[in-house]
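There are 2 protein chains.
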Amino acid sequence: MAELKESTVSSKKVYDGSFLDVRKDIVNLPDGNTSTREWINHPGAACIIPIMSDGRLALIKQYRYPVKSIMIELPAGKLDEGEKPESCALRELEEEIGYLAEKLTFVSKIHPAIGFANEEMWIFLAERLIESQKRTDHDEFVELMPTSIEDAVRMVWNGKITDVKTIIGILWVERLLS
Amino acid sequence: MAELKESTVSSKKVYDGSFLDVRKDIVNLPDGNTSTREWINHPGAACIIPIMSDGRLALIKQYRYPVKSIMIELPAGKLDEGEKPESCALRELEEEIGYLAEKLTFVSKIHPAIGFANEEMWIFLAERLIESQKRTDHDEFVELMPTSIEDAVRMVWNGKITDVKTIIGILWVERLLS
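Sequence order for the protein chains is W and A. Quick note on our numbering: the first sequence kicks off at 1 and runs consecutively. Quick note on our numbering: the second sequence kicks off at 1 and runs consecutively.
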């Protein structure tokens, strides 16, 4: 196999935002030359496929500022420092749509943006949901959109759903539960 | 429907790298409060599903510095300024694996990282490939990995392929060609 690996010569934080941590590294390329790599240091994220008591998916609608659009999504969120993906999944499920899950099953791990971020995302199936007594996160402007698995799959293939974690989660749940 | 939209109060470029363009905006939230949004201004990208003459997919192996791993991927790349997605797809196909495509078909548009980037990615099916006379891009360290559609689909479900564009492209080609 060809040598493909790049090794780090130096690494510098070039922007330290409240949300984004941007790095610029010097790397050695496989042919001995050097190059620069700019990338986002991301804490990782959890994405939840919530199955409601009537079998529908708890999709959400949410405005996503970077793409300036209301997106149809599965609930998801970033890991807090030191937080396990499972704990993050349960926390985000409660914060975003106000449900607890009695059963949480790991489905898959994906990489959303390997060109410019080290983000890993863990996908979980959440079943046996019960309504939480706690208020949901006041910072989240989210609209619940219960959708049958069949309709969700249709929205993947007809291009209504374009968010990658949501596409992959829906095709996973079709495979697991249909 | 609940009001979900956020409107821009101000926008500032906070890091202007050779590769990453980072913005920090002040926004008005639906409830009248203000908040900040940090995001990557991305030119967009094209991803190609190349079908070789024997019916196999031209997957590639490539070292991805942000995730510090050799990833199994479909060829893809960023749009040059003013470049159409179709042109980008054909250019990247030739640069990365040395093929021209006589037939290029738009498949779908996806959003890889809506939490922190405005990236849109156009996926194309590339058929009737012919070898290019031009040398491939010297900056690309890429290993060709011809793979049957069946094996590629297996690697999606068993977790060997974790890159989102590649997962979605493979499940599309399974649907279109199997």
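Note that these hints are calculated values from the structure, not bench results. Keep in mind that a hint or two might mislead.
In this list, chains with the same sequence are indistinguishable; a pair is considered to hold if it fits within one copy or across any two.
Subject to a maximum C-alpha distance of 35 Å in a straight line, what follows is the list of computed DSBU-like cross-link-like pairs (lysine-lysine) [unchecked claim]: (1) Lys103 / Lys12; (2) Lys160 / Lys61; (3) Lys13 / Lys134; (4) Lys103 / Lys134; (5) Lys134 / Lys61; (6) Lys84 / Lys103; (7) Lys12 / Lys84; (8) Lys12 / Lys24; (9) Lys84 / Lys134; (10) Lys103 / Lys24.
Hints, verified against the model:
{"no.": "1", "hint": "Lys103 / Lys12", "verdict": "neither (42 Å within a copy, 44 Å between copies)"}
{"no.": "2", "hint": "Lys160 / Lys61", "verdict": "both (12 Å within a copy, 31 Å between copies)"}
{"no.": "3", "hint": "Lys13 / Lys134", "verdict": "neither (38 Å within a copy, 38 Å between copies)"}
{"no.": "4", "hint": "Lys103 / Lys134", "verdict": "within (19 Å within a copy, 55 Å between copies)"}
{"no.": "5", "hint": "Lys134 / Lys61", "verdict": "within (21 Å within a copy, 47 Å between copies)"}
{"no.": "6", "hint": "Lys84 / Lys103", "verdict": "within (16 Å within a copy, 46 Å between copies)"}
{"no.": "7", "hint": "Lys12 / Lys84", "verdict": "both (27 Å within a copy, 34 Å between copies)"}
{"no.": "8", "hint": "Lys12 / Lys24", "verdict": "both (5 Å within a copy, 20 Å between copies)"}
{"no.": "9", "hint": "Lys84 / Lys134", "verdict": "within (21 Å within a copy, 48 Å between copies)"}
{"no.": "10", "hint": "Lys103 / Lys24", "verdict": "neither (41 Å within a copy, 39 Å between copies)"}
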